[in-house]
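Asker: Now for the letters of each chain:
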Amino acid sequence: QKEVEQNSGPLSVPEGAIASLNCTYSDRGSQSFFWYRQYSGKSPELIMFIYSNGDKEDGRFTAQLNKASQYVSLLIRDSQPSDSATYLCAGPPGGNNRKLIWGLGTSLAVNP
Amino acid sequence: KAGVTQTPRYLIKTRGQQVTLSCSPISGHRSVSWYQQTPGQGLQFLFEYFSETQRNKGNFPGRFSGRQFSNSRSEMNVSTLELGDSALYLCASSFTKRGPDTEAFFGQGTRLTVV
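Heads up: the protein sequence lines correspond to chains A and B, in order. The opening position of the first sequence corresponds to residue 1 in our numbering, with each subsequent residue numbered one higher. The opening position of the second sequence corresponds to residue 113 in our numbering, with each subsequent residue numbered one higher.
These are calculated hints, taken from the structure and not from any lab test. Treat the hints with care, since some could be wrong.
Unchecked claim - So the derived list for chain A, only partly shown, Cβ under 10 Å to chain B, looks like this:
1. L11
2. V13
3. F34
4. Q38
5. S43
6. L46
7. F61
8. K67
9. Y71
10. L75
11. K99
12. W102
13. G103
14. L104
15. G105
16. A109
Claimed, not checked - Once the Cα atoms are required to be at most 27 Å apart in a straight line, the calculated BS3-like pairs of lysine-lysine come out as:
17. B:K169 <-> A:K42
18. A:K99 <-> A:K67
19. A:K56 <-> A:K99
20. A:K67 <-> B:K125
21. A:K67 <-> A:K56
22. A:K99 <-> A:K42
23. A:K42 <-> B:K125
24. B:K125 <-> B:K169
Each residue gets a CB set at the ideal place from its N, CA and C atoms; glycine is no exception.
Produce the complete structure using the sequences and hints provided.
Answerer: Below, the structure written as structure tokens:
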């Protein structure tokens, strides 16, 4: 069973701090990963995707991918209360199968 | 550019009934995937359609079915509803290009309650 696992949280950080969200995956063939944010009662929205080993930065968000260790993380700098949401990690299996496999999500609470 | 549109937004059905949900993808997107989301199970993949053909299927019983039309709009049907089918049903569209990895854009979902 190919899996994507996340710590369910809740992860609580003070406003202005760095929030670190982690995701591990079992399929070494996975080539890319996606981070989605889902507010309560809303649908998931794409934040970032990462294909290559290393870091990818977009504003306050940095995605990190380590294929050797099979983990991907999302760092949120200067966390804001509006970042409070569930963060979902998703990755496709290796090869041409486009079916995304989803983690259960990590709940993040940013406290003012 | 319009996003993914799902209708209806909310539904209440009784056990044993059937339901049909609709999804219109982003213009130009040919891939439509359906997911069931519940608090305990997270996002569970139902199936994916591309160019009117089911390309992938998750581990759901045959009561769950879908189809895609030539304009890429998709419907999913659940027959003989059970209480456990109560969930948020999400549709996601993708612009499939060469290569295995394509981000998905979600609709607002249909909240189905079975009583």
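Asker: Return the numbers of the hints above that this structure violates; sort them in rising order.
Answerer: 1, 2, 7, 8, 9, 10, 16, 20
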